[in-house]
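Engineer: Take a look at the letters that make up each chain.
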Amino acid sequence: MNSNNVGCEKILNLFRSELVTVNVGPKILATALEKQGYKAIQVDWKPAAGGDKEMQEILDLLGGLD
Amino acid sequence: MTIEERVNEANRQVLEILTKGRPRWVDVRPALEVIPGMTPETILMPGPSIETERITPPLRTSICGAAIHEGLAKTKEEAWKLVEEGKIMVASSQNYSCGNAACMVTSASMPVIVVEDSVYGGKGFAPIHPGPNPKCLRWGLYDEEVEADLSWFRSDYGPALSQAVRASGGVDLITILSKTAGMGDENHNRQPAASMCLALQLIPYLLEIDHPQKNKIIKDFAANDRFFLHVMMAGVESLTAKCKGIELSTVMVGMGGNGEEFGVQMAGTANRWYTTKAPKIKGTFLKPSYKESDLVGYLGDSCVTEVYGLGGMSAIAGPAYMRLTGSNYAEARSRTEKARAVSLGEHTFAPVPWEDMAGFPVGVDARKVVGYQILPISHGGSALRSGGQGGAGAAELPMECFKEALRGIYAQAKSCDSQG
Numbered sequence: 001m002n003s004n005n006v007g008c009e010k011i012l013n014l015f016r017s018e019l020v021t022v023n024v025g026p027k028i029l030a031t032a033l034e035k036q037g038y039k040a041i042q043v044d045w046k047p048a049a050g051g052d053k054e055m056q057e058i059l060d061l062l063g064g065l066d
Numbered sequence: 067m068t069i070e071e072r073v074n075e076a077n078r079q080v081l082e083i084l085t086k087g088r089p090r091w092v093d094v095r096p097a098l099e100v101i102p103g104m105t106p107e108t109i110l111m112p113g114p115s116i117e118t119e120r121i122t123p124p125l126r127t128s129i130c131g132a133a134i135h136e137g138l139a140k141t142k143e144e145a146w147k148l149v150e151e152g153k154i155m156v157a158s159s160q161n162y163s164c165g166n167a168a169c170m171v172t173s174a175s176m177p178v179i180v181v182e183d184s185v186y187g188g189k190g191f192a193p194i195h196p197g198p199n200p201k202c203l204r205w206g207l208y209d210e211e212v213e214a215d216l217s218w219f220r221s222d223y224g225p226a227l228s229q230a231v232r233a234s235g236g237v238d239l240i241t242i243l244s245k246t247a248g249m250g251d252e253n254h255n256r257q258p259a260a261s262m263c264l265a266l267q268l269i270p271y272l273l274e275i276d277h278p279q280k281n282k283i284i285k286d287f288a289a290n291d292r293f294f295l296h297v298m299m300a301g302v303e304s305l306t307a308k309c310k311g312i313e314l315s316t317v318m319v320g321m322g323g324n325g326e327e328f329g330v331q332m333a334g335t336a337n338r339w340y341t342t343k344a345p346k347i348k349g350t351f352l353k354p355s356y357k358e359s360d361l362v363g364y365l366g367d368s369c370v371t372e373v374y375g376l377g378g379m380s381a382i383a384g385p386a387y388m389r390l391t392g393s394n395y396a397e398a399r400s401r402t403e404k405a406r407a408v409s410l411g412e413h414t415f416a417p418v419p420w421e422d423m424a425g426f427p428v429g430v431d432a433r434k435v436v437g438y439q440i441l442p443i444s445h446g447g448s449a450l451r452s453g454g455q456g457g458a459g460a461a462e463l464p465m466e467c468f469k470e471a472l473r474g475i476y477a478q479a480k481s482c483d484s485q486g
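Those protein sequences? They're chains A and B, same order as listed. When the count follows our numbering, it moves up by one through the first sequence with no breaks and lands on 66 for the last residue. When the count follows our numbering, it moves up by one through the second sequence with no breaks and lands on 486 for the last residue.
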């Protein structure tokens, strides 16, 4: 068995195991997966400064966010 | 050092003052004697300065009342004319290290509480709390009865308190906060425990003063469960006085409203105000007939206590106040958690027993407020447009103030950067 076959087997095993999706962004995607019977973990994440580009630029310089 | 490292270092210095400073009530003196920059024609008002024509009616009454009290004018009309002509200078009190709660103003001869920080040397000031009578200058009301009270404060009550405080050697505010931890004060809108503890320390000295109306003085002082608020405001001012001007710091060191605008100050840019339209304080009306349109916007400097981590910031320390804000215990916890998420430090001297002895957060960082989109919530009382207190409750601090503040610090950082 060559190394390519080992890699394929790993990927196939991954798809044979239970699929758990980690969703970053709009929660609607995680909800849709859950409705289809899949497990989804929603990451509680928001863009810095609510996506305000000007504030993001300021915060890039001043820092202070974890 | 990068800009971020310099901001962090500046904030560390500010936090050190806020958490290690030791404010001590040392005296009561006429404002003109002790407040740097005060003149006989100056009247200090709460919140950021504002164009004369936009000053709200209750504050206008207080300013005119103070002018009459000082002998600068005989009538309110005459007083207002002097203000419009610039012959009476109305200035933001926090720019003078002084805090004026609600509609209160400070004029030259008014006795003010003097607090000194024994560690960093700052001094802060605030007029004396007027007591439980709702008819007072502090709520934008002025007539002969209010004038009689102001005159009593100037001629008798203030000097008597001065005598007692000096004889006591001063009152350490941290000790008061520590001893009353777990007694239900959030120390902005609710401070019966701290006021009683303060009375315990001062009454023995008031009993020794030589004054024909000593009993009245002791009664006025001891029968006022909100007395400590103004002492604490002066205490916070004594600390922020030394924080202001620590370049690049994004820590909030001043906040207040004038009824029209609400503003915050950053340590990095000292007395510069970052303002926006004042929010209204929502909660409970003192009379069921009152409605929101009867109220002016956020008015007063008493929220400087929030700068120190009191009030809404430590709502969980005084959950009983939550009912007045139309809320509950879970929300008290949430308010303190929000404050903690955007604060850089924590006071450890007054742990909250029902919060696993956690302290209360201090040092709101504008970067975190804007970056995480989390707004601290301030407690407060609200003023009626016609004068008098309309209600008590809470208000979210406006995001726009913090955004504007970051623009100010960003400009400072750019300027520092270009100068190498």
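Hints in this document: simulated from the structure, not taken from any laboratory. It cannot be assumed that every hint is accurate.
Unchecked claim - Mimicking DSBU-like on lysine-lysine, the simulated pairs with C-alpha atoms at most 30 Å apart in a straight line are:
#1 A:Lys53 - B:Lys285
#2 A:Lys53 - B:Lys343
#3 B:Lys469 - A:Lys27
#4 A:Lys46 - B:Lys147
#5 B:Lys86 - B:Lys201
#6 A:Lys53 - B:Lys245
#7 A:Lys46 - B:Lys343
#8 B:Lys147 - B:Lys280
#9 A:Lys46 - B:Lys280
#10 B:Lys280 - A:Lys53
#11 B:Lys245 - B:Lys280
#12 B:Lys86 - B:Lys147
As the list claims (entries may be wrong) - A few chain B positions that, by computed beta-carbon distances, are all more than 12 Å from chain A:
#13 Thr68
#14 Glu70
#15 Val92
#16 Thr118
#17 Gly187
#18 Glu210
#19 Cys263
#20 Gln267
#21 Pro270
#22 Leu314
#23 Lys348
#24 Arg389
#25 Gly437
#26 Tyr438
#27 Ala479
No residue lacks a Cβ here, since even glycine has one placed at the ideal position from N, Cα and C.
Engineer: Just want to verify: Tyr438 (chain B) was marked as not at the interface with chain A; is every Cβ pair farther apart than 12 Å?
Structural biologist: violated, 7 Å
Engineer: Does the no-contact call for Ala479 (chain B) survive, Cβ to all of chain A over 12 Å?
Structural biologist: At about 6 Å from chain A, Ala479 (chain B) fails to clear the 12 Å cut-off, so the statement is violated.
Engineer: Verify the proposed pairing of Lys86 (chain B) with Lys201 (chain B), using a straight-line Cα cut of 30 Å.
Structural biologist: Roughly 38 Å separates the two Cα atoms, so the pair is violated.
Engineer: Are the Cα positions of Lys245 (chain B) and Lys280 (chain B) separated by 30 Å at most?
Structural biologist: Holds, at about 28 Å.
Engineer: Non-interface claim for Arg389 (chain B): all C-beta distances to chain A beyond 12 Å?
Structural biologist: holds, 31 Å
Engineer: Below or equal to 30 Å on CA atoms is what counts here, so check Lys53 (chain A) against Lys285 (chain B).
Structural biologist: violated, 58 Å
Engineer: Within a Cα-Cα threshold of 30 Å, do Lys46 (chain A) and Lys147 (chain B) meet the stated pairing?
Structural biologist: This hinted pair is violated, its Cα atoms lying about 52 Å apart.
Engineer: Is Lys46 (chain A) close enough to Lys343 (chain B), meaning Cα to Cα at most 30 Å?
Structural biologist: holds, 27 Å
Engineer: Is the Cα-Cα distance between Lys469 (chain B) and Lys27 (chain A) 30 Å or less?
Structural biologist: Measuring from Cα to Cα gives roughly 27 Å; hence the hint holds.
Engineer: Is the Cβ of Gln267 (chain B) more than 12 Å away from each Cβ in chain A?
Structural biologist: At about 40 Å from chain A, Gln267 (chain B) clears the 12 Å cut-off, so the statement holds.
Engineer: Is the Cβ of Val92 (chain B) more than 12 Å away from each Cβ in chain A?
Structural biologist: At about 36 Å from chain A, Val92 (chain B) clears the 12 Å cut-off, so the statement holds.
Engineer: Is Lys280 (chain B) within 30 Å of Lys53 (chain A), Cα to Cα?
Structural biologist: The hint is violated at about 63 Å.
In this structure, the hints that do not hold are numbers 1, 4, 5, 6, 8, 9, 10, 12, 13, 14, 22, 25, 26 and 27, in rising order.
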